[in-house]
Every structure is written in C-alpha cells, then in structure tokens.
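> Residue numbers (UniProt numbering), protein chains in the order written: chain A, 1 to 322; chain B, 1 to 322; chain C, 1 to 322; chain D, 1 to 322.
Any given hint could be a false lead.
Since the list gives no way to pick one copy over another, a pair counts as held whenever it fits inside one copy or between any two copies.
Listed next, the in silico BS3-like pairs over lysine-lysine satisfying Cα-Cα at most 27 Å (straight line) [as the list claims (entries may be wrong)]: (1) Lys2 with Lys307; (2) Lys2 with Lys312; (3) Lys318 with Lys2; (4) Lys212 with Lys84; (5) Lys111 with Lys313; (6) Lys111 with Lys307; (7) Lys84 with Lys2; (8) Lys307 with Lys238; (9) Lys318 with Lys214; (10) Lys313 with Lys77; (11) Lys77 with Lys318; (12) Lys84 with Lys312; (13) Lys312 with Lys214; (14) Lys212 with Lys111; (15) Lys307 with Lys212; (16) Lys318 with Lys84; (17) Lys318 with Lys111; (18) Lys111 with Lys2; (19) Lys312 with Lys77; (20) Lys238 with Lys2.
Quick caveat, the hints were computed from the structure, so don't treat them as lab data.
Number of protein chains: 4
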Amino acid sequence: MKRIGVFTSGGDAPGMNAAIRAVVRTGTAHGLEVIGIRRGYAGMIEGDFVPLGPRDVANTLQRGGTILLTARSAEFKTPEGRAKAAENLRRAGLDGLVCIGGDGSYRGALKLLEEHHIPVVGAPGTIDNDLYGTDFTIGFDTAVNTALDAIDRIRDTAASHERVFFIEVMGRHAGFIALEVGIAGGAEVIVLPEDPLPASVCAEVISQSSAKGKRSSIVVVAEGGYEGGAEALARDVKACSGIEARVTVLGHIQRGGSPTAIDRVLASRLGAGCVDALLSGASGVAVGEVDGEIRLTPFREAVERRKDINRKKYELAKVLAL
Amino acid sequence: MKRIGVFTSGGDAPGMNAAIRAVVRTGTAHGLEVIGIRRGYAGMIEGDFVPLGPRDVANTLQRGGTILLTARSAEFKTPEGRAKAAENLRRAGLDGLVCIGGDGSYRGALKLLEEHHIPVVGAPGTIDNDLYGTDFTIGFDTAVNTALDAIDRIRDTAASHERVFFIEVMGRHAGFIALEVGIAGGAEVIVLPEDPLPASVCAEVISQSSAKGKRSSIVVVAEGGYEGGAEALARDVKACSGIEARVTVLGHIQRGGSPTAIDRVLASRLGAGCVDALLSGASGVAVGEVDGEIRLTPFREAVERRKDINRKKYELAKVLAL
Amino acid sequence: MKRIGVFTSGGDAPGMNAAIRAVVRTGTAHGLEVIGIRRGYAGMIEGDFVPLGPRDVANTLQRGGTILLTARSAEFKTPEGRAKAAENLRRAGLDGLVCIGGDGSYRGALKLLEEHHIPVVGAPGTIDNDLYGTDFTIGFDTAVNTALDAIDRIRDTAASHERVFFIEVMGRHAGFIALEVGIAGGAEVIVLPEDPLPASVCAEVISQSSAKGKRSSIVVVAEGGYEGGAEALARDVKACSGIEARVTVLGHIQRGGSPTAIDRVLASRLGAGCVDALLSGASGVAVGEVDGEIRLTPFREAVERRKDINRKKYELAKVLAL
Amino acid sequence: MKRIGVFTSGGDAPGMNAAIRAVVRTGTAHGLEVIGIRRGYAGMIEGDFVPLGPRDVANTLQRGGTILLTARSAEFKTPEGRAKAAENLRRAGLDGLVCIGGDGSYRGALKLLEEHHIPVVGAPGTIDNDLYGTDFTIGFDTAVNTALDAIDRIRDTAASHERVFFIEVMGRHAGFIALEVGIAGGAEVIVLPEDPLPASVCAEVISQSSAKGKRSSIVVVAEGGYEGGAEALARDVKACSGIEARVTVLGHIQRGGSPTAIDRVLASRLGAGCVDALLSGASGVAVGEVDGEIRLTPFREAVERRKDINRKKYELAKVLAL
C-alpha cells in the first residue's frame with residue numbers, strides 16, 4: 001500500500017477535520033501518500049483530488065465542518081456513477097480509502113468495495129451517534145454540548161417567566177442527543193423515538209412537576225420522538241391539557257462549531273485507526289471506539305445493527321426530574 | 001426618600017440582574033431601603049414584595065434571566081388593577097420605583113405616575129435595542145453575541161456543504177440585532193424591517209455572490225424583515241429563482257445566557273443611574289447611556305420616538321459582502 | 001436506612017452540584033431524608049447541617065463550584081476531631097454518608113468508617129482524573145475543555161507571532177489533563193509526570209518541528225511534569241538550545257465554570273449510584289463508571305492503586321505532532 | 001491611488017482579520033488593488049508581499065490572530081531599515097498604506113511618512129485600549145470578555161472555598177481591561193496603574209468585605225497596577241494583614257480567540273474607514289470611532305495624548321462592591 005485517499009461524506013460533523021488530519025499525519029508517518037477527495041462521492045466521480053501533506057492539515061484540528069467539503073451524489077447511486085468513481089480512484093493510484101461519515105456513507109463505501117474491490121475502511125462521523133460498533137460517533141459530544149448551551153439559555157427565560165418550553169433537538173431515528181442533553185439540561189420530560197410518548201402523558205408529567213412546586217418546565221424532544229416534532233407535541237399538549245408552551249427548534253446550530261476535547265481526541269484516534277486498519281489489510285470495516293479500545297466492525301453490521309440508548313440513563317432521567 | 005422598589009417587566013434580558021444588583025447596592029449606599037417587587041406589575045398587584053440587601057444580590061451579576069421574575073398582567077391594564085398596585089406600593093411605604101424593562105414596561109410606569117403620582121424611573125432592559133434615549137439597551141450585546149455564535153456554527157455547515165442558509169434573528173419592529181450580527185457574521189444579505197427586501201432582490205444578491213465565487217451564503221433575516229419570517233422568504237426565493245436554502249430560526253436562545261461584559265457594565269451604570277435620578281427628584285424618565293454619558297429621557301419620548309439603525313453601517317454591510 | 005448525609009470535600013470540581021442534586025433527588029425518591037453537610041469535614045465537626053429537598057437543588061445542575069462549600073480541616077486529622085464529627089452525625093440521625101471528593105476525601109471517609117462504623121460511600125469529584133476505579137472523575141472533562149479553550153486562544157497568538165509557547169496545566173502527580181488537552185490542542189510536545197522529559201529532548205523536538213516547517217509550537221506541561229513547572233522548563237530549554245518561548249500557567253481557571261454535558265451526566269449517575277450503594281448495604285466503597293457501567297471499588301483500592309494514562313494515546317500524540 | 005498595502009504590527013489582537021478583510025473588500029470595491037504585507041515592518045523590509053482579493057479574506061472574520069502575521073523588527077528602527085522598506089513599497093507600486101496596530105506601530109508608520117513620504121493611515125489594533133482618538137480599540141472587547149470568563153470560573157472556586165483570589169489582567173500602563181472586568185466580574189478591589197493602591201489599603205478593603213459578610217473576595221490587578229504585579233501585591237497584603245490569597249495571572253489567553261461582535265463590527269468599520277481616509281487624501285492619521293462616528297486623529301496626537309479611564313465608572317465600582 002503506497003497511496004490512500006480520504007473523504008468526508010453525509011452531514012458534516014465537528015471533528016471531521018481532526019480525523020482527516022490524523023489520517024494524513026499517521027499515513028505520512030507510515031510512508032503513505034495521502035490524497036484528499038473533495039465533496040465526497042460527488043468529487044470521487046469528478047476526480048476532484050488534492051494531495052495532502054502534514055502541513056496542509058495544520059491549524060484544522062479546532063475547526064468545525066470539513067475542509068474536504070461534503071455533498072450528496074445522485075450519480076453515485078447508479079452503477080455507472082460508481083464505475084466512474086472507481087476508475088478515477090484507480091487512475092489516481094489509490095490503494096485504499098478512508099471514508100468519514102454516517103451510515104449512508106458506509107453503504108456507499110461497501111458498494112465500492114463489493115463492486116470494484118477497492119479496500120475501504122470507515123470512521124463514524126455523524127452527530128447522531130446512531131452507528132453500531134462505537135460507543136460514540138465523531139461530533140456527538142460537540143452537538144450535545146451545543147444543544148446544552150442553548151437549553152441553559154432557554155432555562156434562564158423559562159425560569160424568569162415561569163413558563164414551559166419545548167426544545168427540539170436533532171435525532172430522527174435515535175434519541176442519543178435528546179437523552180444526553182435531557183439529563184444534562186435537567187429536563188422535566190425527554191421524548192425519544194425509542195419510547196414515543198403520547199401528548200397526554202407529557203401533559204400529565206408537566207402538571208405533576210408544577211404541582212411539586214416547579215415553576216418552569218423544559219421538555220426535550222428528539223426530532224423523531226413525536227410525529228411533527230416539538231411544534232406538534234406542544235400543540236397537542238395544549239389541546240389535551242390547556243398547558244401553554246413556547247417551542248424552540250435548535251436545528252442546524254447543532255452541527256457546527258469547534259469540536260470539544262472528546263471529539264478531537266476520538267476523531268484523532270479513529271482517523272489513525274483507519275490507517276492502521278488499511279495497513280493491516282482490513283477492508284469493509286468501520287473503526288470505532290468501544291470501552292476505550294479501538295474496535296473494527298464490518299460495515300454491514302455497523303449499518304444494520306441497531307445501537308440502543310442506555311435504558312438505565314433513561315430511567316435515571318425520570319428520577320432526577322423529581 | 002427612604003424606601004424604593006425595583007422590578008423587572010416584559011421579556012427577560014441578560015443583565016437585568018446586574019441592574020437589580022446596582023439598584024440595591026447604590027440605593028443602600030445612599031441610605032435607602034430597597035424592596036424587590038416580584039413578577040413585575042402582576043406582583044405589584046399581588047403585593048409580592050421582598051426586601052433586598054447587598055448580600056441578597058451577591059453572585060447574581062453573571063446570571064441570565066431575572067431573579068425578580070417577570071410576567072404579563074392583564075389586570076394592570078385596567079384602572080382598577082393599577083389602583084390596587086398603587087395602594088400596595090403606598091402601604092409598603094415605597095417613595096420611588098425603578099422599572100427595568102422595555103417600552104411596554106415604560107408605558108405602564110408612566111400610567112402609574114400619571115394616575116397615582118408615584119415617582120418612577122426606568123432602565124432599558126430589552127434585547128431588541130429599540131428604545132430611544134440610549135445607544136444600547138441592557139441585553140442587546142449578549143443577544144447579538146449569542147446569535148453570532150449560532151451563525152458561526154451554521155457557517156461551518158454552510159461552507160462544508162456549499163449551501164445557502166437563512167437565519168432568523170429576533171427583531172419584530174427593529175433590525176438592530178440583525179444588522180449587528182449580519183455584519184459580524186459576514187452575511188451576504190441582511191433583511192431588516194427598516195428596509196424590507198423583495199424576495200427577488202434577495203435571490204439576485206445570492207446569485208451574484210455565487211457568480212463571484214462564493215460557494216455558500218448566509219442570509220440574516222430579522223423577524224419583522226419579511227412577512228412570515230425567514231421560512232417565508234426562503235420559500236419565495238426558491239419560487240422566484242430555484243435557489244434551495246436551509247432555514248434556522250434562532251428563537252428564544254437569544255434571550256438567555258450569562259451577560260457579556262458590556263451588558264454587565266451598562267446595566268450596572270444604568271441601575272445606579274436610576275437611583276441617582278430618583279434621589280435628584282427626577283420622575284417619569286428613562287435612564288440611558290448616550291455617547292458614554294448617562295442621559296435622562298422622558299418616558300413619553302423614549303417610547304414614542306423611533307431610534308433608527310445606523311444607515312452607514314447598513315451600507316458598509318453591503319460593501320463587506322463583496 | 002432513613003436519613004443520609006452528603007458533603008463535598010477537597011478542591012471543588014465542576015459537576016459536584018449535579019452529584020449533590022442526584023443524591024438528593026434519588027434519595028428522596030427512595031424515601032430517604034437527605035441532609036447537606038456544609039464545608040466538608042470542617043462542617044461535620046461544627047455540625048453545620050442543612051436539610052435538602054428536591055426543590056433546594058433546583059437550578060444547580062449547571063453551576064460550577066459546590067453549593068455545599070468545601071474546606072480543609074486540620075482538626076479532622078486528629079482522632080478527637082473525628083470523634084466529634086461522628087458524634088454530630090449520630091445526633092443528626094444520619095444512617096449513611098455520601099462523600100464527593102478526591103483521594104484525601106476518601107481517606108477521611110475511610111477513617112470515619114473504620115473508627116466509628118458510619119456507612120459511607122464516595123463519588124470521585126476531582127478534575128485530576130487520578131482516582132482508580134472510574135474511567136473519568138467528575139470535573140475532568142470540563143477542566144480539559146477549559147484548558148483547551150485557553151490553548152486555542154494562545155495558538156492564535158503563537159501562530160501570528162511565529163512563537164513557541166509553554167502552557168502549564170493542572171496535574172501534580174498525573175498527566176491526564178495534559179495528555180488530553182495536548183492531543184486535542186495539537187501540542188508539539190506533551191510533558192507528563194508519567195514520562196518526565198529532559199529539557200534537551202524537549203528542545204530537540206521543537207527544533208525538529210521548526211525544521212519541518214512549523215512556524216509555531218505549543219508545549220503542554222503538566223504541573224508535575226517538570227521540576228519547577230513550565231517556567232523552569234522554558235528556562236532550561238532556552239539555556240540548552242537558545243529557543244525563546246513564552247509561558248502561561250493556566251492555574252485556577254481550570255477548576256470552575258459550568259460543567260460540560262459529560263460531567264453533568266456522569267455526576268448524576270454517580271450521585272444516584274451512591275444512594276443505590278448505600279441502600280444495598282455497601283460501605284467503604286467508591287462509586288465509579290467503568291466502560292459505561294457503574295462499578296464499586298473499595299476506598300483503599302481507589303486511593304492506593306494507580307490509574308495509568310493511556311499509553312497508546314500518548315504514542316499517538318507524537319505521531320499526530322508530525 | 002491604484003494600489004495600497006495593508007499590514008498588522010505589534011501584539012496580535014482579535015479583530016485584526018476583520019480589519020484586513022474590510023480593507024481588502026472596501027479597497028476592491030473602490031477599484032484599488034490591495035497587497036498584504038506579511039509580518040509587519042519585518043516583512044516590509046524583506047518584501048514579503050502577497051496580493052489579496054475579496055475571496056482571499058473569506059472565512060477570516062471570525063478568526064483570532066492575524067492572517068498577515070506580525071513580528072518585531074529591530075532593523076526597521078534604523079534609518080537604513082526604513083529606507084529599504086520604503087524602496088520595497090515603491091517597487092511594489094504601493095500608493096498608500098494601512099497599518100493595523102498599537103502605538104509602536106503608529107510611530108513606525110509616522111517615520112515612514114516623514115522620511116519617505118508614503119501616505120499611511122492607521123487602525124487601532126491592540127487589546128489594551130490605550131490609544132487616544134478612539135473610544136475602543138480593536139480587540140479590547142474580546143480581551144475583556146475572555147478575562148471575564150476566567151474570573152467567573154475563578155469565582156466558582158473562590159465562593160466554594162471561601163477564599164480570596166488575586167487575578168492579574170493585561171495592562172502595563174493603562175487600566176482599561178482591569179476596570180471593565182473588575183466591574184463586570186464584581187471585583188471587591190480593582191488595582192489600576194492610574195490609581196496605584198498600597199497593599200495596606202487593599203488589605204483593609206478585603207477585611208471590610210469580610211466583615212460585611214462576604215465569604216470570598218476577588219481582587220483584579222492590572223499588570224502595571226502594582227510593582228511586581230498580582231503576585232507581589234498578594235505577598236505584601238499577606239505581610240501586612242495575614243490575609244491568605246491565591247493568585248492567577250491570566251496572561252496570553254487574553255490575546256486570542258474569535259472576536260466578539262463588537263470587535264468584528266468595529267474592525268470592519270475602521271478598516272473601511274482607513275480606505276476612505278486614504279482615498280480622501282488623508283495621511284498620517286489614525287482612524288478611530290468616537291461616540292459612534294468615525295474620526296481621524298493625527299498619529300502624533302494618537303500616540304502622545306493620554307486617554308484616561310472613566311473615573312465615574314471607577315467610583316461606581318467601589319459602590320457596587322458594597
């Protein structure tokens with residue numbers, strides 16, 4: 001193995017640059033040339049490649065987003081598109097690939113491997129933390145802290161006005177962010193896709209909180225925790241109980257920002273782990289961190305197996321809202 | 001004058017606690033007793049009063065929200081409600097009042113003065129900066145920096161995905177927040193209530209930005225800058241130009257958080273200025289800071305005169321978006 | 001068990017309030033009365049006790065420091081002092097104790113148990129992360145992120161002036177903070193108590209960095225990584241190589257601030273875990289989190305066994321500094 | 001005027017990049033070519049020039065430090081050095097210069113103008129706010145907020161341990177930072193170069209604070225407020241009163257970081273103002289903002305006249321510490 005490519009794909013996540021930097025520097029340290037592929041699979045098809053040396057990734061560790069850009073590619077979903085991408089990779093002499101992204105990115109990488117036999121490994125870059133085979137994904141801790149900062153701010157207003165607030169955080173299919181910020185933000189109710197809550201139950205808990213002497217309440221709602229999101233839930237809670245609430249949808253602010261220490265270190269380890277994996281001959285695997293150790297998981301398992309939220313934490317959240 | 005009351009009213013703003021603290025400590029230093037009135041005019045009617053000494057406001061300077069709480073009061077809008085409030089104030093022996101809030105709060109204070117002859121002065125506590133008679137209102141600088149932090153985060157994603165983002169900030173009638181964060185956040189377009197922009201012009205500027213080689217664009221929209229807000233504008237821009245954009249409505253996060261240095265110092269000066277004003281026999285006036293000096297403005301003028309945005313800054317914003 | 005006490009001891013750490021809150025709310029949920037003991041062992045001797053209900057710990061989750069205060073107590077180090085403390089605890093009817101603190105605090109708790117048979121469990125509250133039996137201590141993640149923010153700021157200046165900076169972080173006997181912020185901050189050199197580095201080697205690495213085209217360098221030094229700290233190391237580096245550097249000692253800023261999400265969730269889990277442990281009849285144990293699970297470790301083991309830094313991370317740091 | 005140069009000089013300050021960006025974009029909008037001179041006067045002598053177009057300064061607005069770097073130059077202090085610099089400027093066809101820096105930078109610019117008749121204007125880029133002719137310098141607001149964040153953190157520890165802390169902030173000759181963060185941070189004592197305080201008086205105020213029931217105290221000390229700084233003051237306070245205190249020297253963290261909204265807007269206005277000034281034929285002047293308006297001040301006046309701190313604020317600080 002002499003030359004490898006690295007790319008980011010799917011939604012951007014804080015820490016992706018730290019992972020790219022780790023791939024470049026670890027690769028270089030092992031005598032590899034590293035080529036950056038810009039704009040994910042789209043750039044692979046267009047041959048948008050750029051050589052990356054250790055100095056090219058200087059001063060990127062602390063930056064949000066991804067210096068290699070990211071994009072969707074409809075063309076890559078076709079066999080012709082993938083053939084074109086593979087052809088470009090071969091022409092560029094790339095012996096292996098590091099894919100940094102979420103489950104869609106892994107699926108693309110798997111196709112490339114299966115159809116064109118290009119060795120590829122992946123690092124989990126997504127704020128949602130919904131990938132099997134790693135305790136945490138790159139960007140998750142930053143997203144949680146960004147959402148938490150927003151909730152702390154809103155609590156100032158909620159407490160001052162003695163009001164109820166519904167706050168929607170990211171998480172269409174998984175409640176990792178909602179659960180973590182719910183506990184950390186002291187939410188009275190947490191609404192997760194993993195345990196959907198009828199509006200009537202939500203209203204009931206708010207009423208009980210009020211009866212216990214709480215003069216304001218925060219309800220954290222994962223995007224996918226209620227059909228229609230926090231807006232719909234607030235409307236339905238009002239309909240069934242008369243409780244008035246304000247709604248804030250945090251949205252895209254959760255994606256950006258300088259990564260936290262955890263995300264920078266995790267991304268660095270996983271980026272380096274990808275290079276190690278490629279060099280050891282591995283392919284078709286995602287590199288994750290489980291119980292503090294680097295672990296490889298086949299792509300198929302990583303995308304097909306479901307990572308569950310920590311049920312004990314979820315139960316604890318209810319006790320802490322006492 | 002021996003005993004004064006202080007209350008916060010209207011939407012909460014970061015720095016309100018710094019103002020309360022300054023009223024309490026300056027008042028005490030001048031030999032006054034200071035009484036906190038909780039939940040604004042509602043608490044005035046209910047007689048929800050609490051004595052405040054220098055130690056009671058310890059460790060509040062850095063807190064967002066208001067320790068005296070704030071609420072709406074429909075009853076205060078009736079002559080009977082105000083009579084009840086005035087009776088409570090008299091019974092509590094309050095010789096003067098400090099009102100911390102926005103224009104609605106000032107109007108209430110003015111009624112109290114006109115109908116019941118209770119000396120009252122005001123400090124401008126609102127994030128919107130839309131009060132005449134002061135260069136900046138308490139909470140404005142914090143709100144601007146909170147919105148700016150959000151925009152910086154979103155720019156990471158906008159740049160990584162090469163996308164257009166519309167970001168809605170607070171400001172129903174005034175574009176102060178939008179203008180300031182627009183310049184500070186490097187927005188390609190800023191949409192203000194003071195200079196409403198048709199969607200077609202907005203689309204045109206985005207297209208030009210793209211033609212100049214910018215691969216992402218940020219449009220900052222004040223709530224009142226477009227009928228229906230940022231969502232409507234994005235929809236109309238798409239309809240007339242095909243430009244796809246993401247929308248984020250920052251909402252209530254702009255109200256909370258620990259106040260910036262500017263807001264703490266401003267609030268401290270204005271709180272102290274209120275006590276000085278009352279002691280000098282002033283009444284029916286708002287205390288502001290203009291060109292670095294404390295200045296008194298009659299309530300009527302403060303609420304009726306319109307403070308315009310800085311047009312030179314607005315023009316500059318367009319040049320800087322080059 | 002009907003009534004338990006909770007106290008914080010040793011240096012304050014962000015998240016201690018989250019732990020206290022969890023003890024109070026979990027305890028109450030289990031039908032226990034919870035008594036707060038103020039100022040650690042000093043308050044225990046003075047009988048400075050205060051009952052804590054669920055509402056008393058409202059709005060404390062996000063606060064740095066400890067609402068129960070902390071202090072040193074010379075008297076508690078004497079058998080007489082401890083007897084007095086035990087007598088107070090008995091008189092107050094406390095059937096069990098939760099101690100939140102570091103190794104010194106655990107040693108005190110152990111004495112109390114051994115000499116006076118008072119059931120006591122502990123939660124690791126210290127920014128240093130140097131306690132065996134838990135992957136992370138309460139406050140560590142916040143301290144790391146605070147130090148990281150400082151390093152990011154200093155890098156702006158280092159890069160602009162093309163200078164070398166030595167930054168001293170906390171850690172007299174353990175390099176956990178230094179290693180984590182060193183990797184996350186992209187340090188060219190990390191100096192740890194676990195692997196002391198002669199000044200000449202440090203100078204050599206800086207020279208190599210410069211030869212590789214790096215125009216600025218950051219050296220992160222744990223307090224105990226070099227005799228005399230960062231100041232001494234910078235002086236010795238200059239003496240042996242002529243390299244000029246600036247020094248910043250981060251100091252006490254690393255202790256305070258609103259806890260990160262990780263620290264709030266960890267503290268909540270461990271606080272609740274302490275109550276569970278007491279109720280299950282455990283005593284003389286520290287409650288930690290290992291590989292995501294709550295684990296009990298005898299106090300003696302927690303204070304006597306050494307937790308080593310992650311050597312793989314340390315090696316990785318050198319590669320990443322390429 | 002067809003081509004202008006821009007450079008940063010002296011200590012870096014947050015907002016310098018915003019000023020550079022404004023010079024480039026405003027200059028380009030006026031049909032000028034803009035050339036960046038790297039590393040200040042040193043780069044001028046070495047001819048280290050780089051053309052800057054609008055896209056070259058994209059995504060720099062939010063970055064701390066200076067993309068044009070800064071350095072000291074002993075050679076520029078000699079007539080020969082300056083002649084060499086002037087020769088390079090002429091050869092590059094530069095018709096005017098924008099200097100972003102502090103008083104030393106202005107003095108250098110003045111020499112260049114007087115000896116070599118090169119039109120030059122300046123923007124005040126220094127965190128110290130000690131330049132006459134502008135209410136605030138670029139970087140001051142960011143430095144104040146950074147120091148304030150540090151003080152807020154330390155107060156958590158001070159309050160938890162009931163201790164006295166001395167915190168040294170930047171300001172060798174001027175107390176602007178100390179005064180602002182002293183008020184905003186709720187300091188019990190503020191020690192300024194403008195009003196040096198004997199240790200005995202400092203001790204006396206701390207004792208009084210304690211007698212009033214304050215259980216912790218914060219003393220903010222400007223670098224130049226006491227011979228030997230905060231360390232020396234703490235030692236002398238202990239010697240004369242027995243009061244034990246901890247000391248933290250904030251140091252270089254005050255220089256870096258992403259600029260605040262105020263600093264980005266100010267820097268943008270002043271950068272644009274520099275281009276306007278050059279185009280209007282002005283030279284040898286510093287561009288400042290006074291009472292919200294752009295104002296030009298001759299360099300000589302800017303460096304020779306002393307800007308005093310706001311004495312009313314200083315008096316207020318004492319009342320607020322009640």
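> A separate judgement is required for each hint: does it hold in the structure or not?
Going through the hints against the structure:
1. Taking identical chains as interchangeable, the C-alpha atoms of lysine 2 and lysine 307 are never at most 27 Å apart, the minima being 35 Å within one chain and 39 Å between chains.
2. In this assembly of identical chains, lysine 2 and lysine 312 lie within 27 Å of each other by CA distance solely across copies; the values are 24 Å between and 47 Å within a copy.
3. Taking the shortest Cα distances, lysine 318 and lysine 2 sit within 27 Å of each other only across copies (22 Å), while inside one copy they are farther apart (54 Å).
4. Taking the closest pair of Cα atoms, lysine 212 and lysine 84 never come within 27 Å of each other, the shortest separation being 64 Å inside a single copy and 30 Å across copies.
5. In this homomeric assembly, lysine 111 and lysine 313 never come within 27 Å of each other (Cα to Cα): the closest approach is 37 Å inside a single copy and 33 Å across copies.
6. Proximity of lysine 111 and lysine 307 under a CA criterion of 27 Å is satisfied intra-copy only: 23 Å inside one chain copy versus 44 Å between copies.
7. For the identical chains of this complex, lysine 84 and lysine 2 are intra-copy neighbours only, at 22 Å inside a copy versus 48 Å across copies, given an alpha-carbon limit of 27 Å.
8. In this assembly of identical chains, the alpha carbons of lysine 307 and lysine 238 never lie at most 27 Å apart, being 33 Å within a copy and 38 Å across copies at closest.
9. Within a single copy, lysine 318 and lysine 214 get their C-alpha atoms as close as 15 Å, which meets the 27 Å cut-off; across copies the closest is 37 Å, which misses it.
10. Taking the shortest Cα distances, lysine 313 and lysine 77 never come within 27 Å of each other, neither inside one copy (39 Å) nor across copies (38 Å).
11. Taking the shortest Cα distances, lysine 77 and lysine 318 never come within 27 Å of each other, neither inside one copy (43 Å) nor across copies (40 Å).
12. For a Cα distance limit of 27 Å, the shortest separation of lysine 84 from lysine 312 qualifies neither inside one copy, at 48 Å, nor across copies, at 39 Å.
13. When the C-alpha separation of lysine 312 and lysine 214 is checked against a cutoff of 27 Å, the pair qualifies only within one copy, where the shortest distance is 24 Å, while the shortest distance between copies is 42 Å.
14. Within a single copy, lysine 212 and lysine 111 get their C-alpha atoms no closer than 55 Å, and across copies no closer than 37 Å, so neither meets the 27 Å cut-off.
15. Taking identical chains as interchangeable, the C-alpha atoms of lysine 307 and lysine 212 are never at most 27 Å apart, the minima being 35 Å within one chain and 43 Å between chains.
16. When the C-alpha separation of lysine 318 and lysine 84 is checked against a cutoff of 27 Å, the pair qualifies neither within a copy, at 53 Å, nor between copies, at 38 Å.
17. Neither within a single protomer nor between protomers do lysine 318 and lysine 111 lie at most 27 Å apart by alpha-carbon distance, with minima of 43 Å and 35 Å respectively.
18. Taking the shortest alpha-carbon separations for lysine 111 and lysine 2, only the intra-copy value of 23 Å comes in at or below 27 Å, while the best inter-copy value is 56 Å.
19. In the homo-oligomer, the alpha carbons of lysine 312 and lysine 77 never lie at most 27 Å apart, since the shortest distance is 40 Å inside one protomer and 39 Å across protomers.
20. Taking CA atoms no more than 27 Å apart as the test, lysine 238 paired with lysine 2 passes in neither setting, with 63 Å inside one copy and 40 Å between copies.
The structure shown violates the earlier hints numbered 1, 4, 5, 8, 10, 11, 12, 14, 15, 16, 17, 19, 20.
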